[in-house]
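Participant: Sequence:
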Amino acid sequence: MRGVSLEEIKYVISTGEIIENYPDDKPYPSCLIMGYVRKSEPLYVLCSIGELLHIITVHWLDPAKWLDPKTRREKRP
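430 is the number of the first residue of the sequence shown in the numbering used here; add one for each residue after it.
Honestly, the hints are just simulated from the structure, not real lab data.
Mixed in with the good hints, there may be bad ones.
[Unchecked claim] With a straight-line Cα cutoff of 16 Å, these simulated EDC-like cross-link-like pairs (lysine to aspartate or glutamate) come out:
#1 Lys468 <-> Glu503
#2 Lys499 <-> Glu446
#3 Lys455 <-> Glu480
#4 Lys499 <-> Glu470
#5 Lys494 <-> Asp454
#6 Lys499 <-> Glu449
#7 Lys468 <-> Glu437
[Unchecked claim] Okay, the calculated beta carbon distance ranges per label pair:
#8 Glu480 <-> Arg502: 27 to 37 Å
#9 Pro456 <-> Pro492: 10 to 20 Å
#10 Leu481 <-> Arg502: 28 to 38 Å
#11 Glu503 <-> Glu480: 12 to 22 Å
#12 Asp497 <-> Pro456: 15 to 25 Å
#13 Glu480 <-> Thr500: 25 to 35 Å
#14 Asn450 <-> Leu496: 18 to 28 Å
#15 Glu503 <-> Asp453: 13 to 23 Å
#16 Asp453 <-> Gly432: 16 to 26 Å
#17 Ser469 <-> Lys494: 10 to 20 Å
#18 Glu503 <-> Glu436: 24 to 34 Å
#19 Lys494 <-> Asn450: 15 to 25 Å
Glycine included, every Cβ here is placed at the ideal spot set by N, Cα and C.
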């Protein structure tokens, strides 16, 4: 997970903010959650919820893709 701990992922899911919703994703709706870990580093967790929570991706802020921690340079297709 490229230097991300399971504890950090759990922390973002439980305390972070949903910054993007994808209600039409299949097979389950998904959302992008952003939270701060390691004092001030934005961490993103894309997950979907069906009968279980499915973690799809986890990534750090990429300045090439984000204007700021909550605003993408381009919208997701």
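Participant: So, for every hint listed, does it hold in this structure?
Facilitator: So, going through the hints one by one against the coordinates:
1. Lys468 <-> Glu503: Violated: Lys468 and Glu503 sit about 27 Å apart, past 16 Å.
2. Lys499 <-> Glu446: holds (9 Å)
3. Lys455 <-> Glu480: With a Cα-Cα distance of about 14 Å, the restraint between Lys455 and Glu480 holds, given a limit of 16 Å.
4. Lys499 <-> Glu470: At roughly 12 Å apart (the allowed maximum being 16 Å), Glu470 and Lys499 satisfy the hint.
5. Lys494 <-> Asp454: violated (21 Å)
6. Lys499 <-> Glu449: This hinted pair holds, its Cα atoms lying about 9 Å apart.
7. Lys468 <-> Glu437: holds (11 Å)
8. Glu480 <-> Arg502: 27 to 37 Å: Check passed, 35 Å falls within 27 to 37 Å.
9. Pro456 <-> Pro492: 10 to 20 Å: Since Pro456 and Pro492 have Cβ atoms about 32 Å apart, the given range 10 to 20 Å is violated.
10. Leu481 <-> Arg502: 28 to 38 Å: Holds, at about 32 Å.
11. Glu503 <-> Glu480: 12 to 22 Å: Given a distance of about 33 Å, which is not inside 12 to 22 Å, the answer is violated.
12. Asp497 <-> Pro456: 15 to 25 Å: The hinted range 15 to 25 Å is violated for Asp497 and Pro456, with Cβ atoms some 32 Å apart.
13. Glu480 <-> Thr500: 25 to 35 Å: holds (33 Å)
14. Asn450 <-> Leu496: 18 to 28 Å: Because 19 Å falls inside the window, the suggested range holds.
15. Glu503 <-> Asp453: 13 to 23 Å: holds (19 Å)
16. Asp453 <-> Gly432: 16 to 26 Å: Because 32 Å falls outside the window, the suggested range is violated.
17. Ser469 <-> Lys494: 10 to 20 Å: For Ser469 and Lys494 the Cβ distance comes to about 19 Å; the hint holds.
18. Glu503 <-> Glu436: 24 to 34 Å: holds (31 Å)
19. Lys494 <-> Asn450: 15 to 25 Å: holds (18 Å)
When each numbered hint is compared with the structure, violations occur for hints 1, 5, 9, 11, 12, 16.
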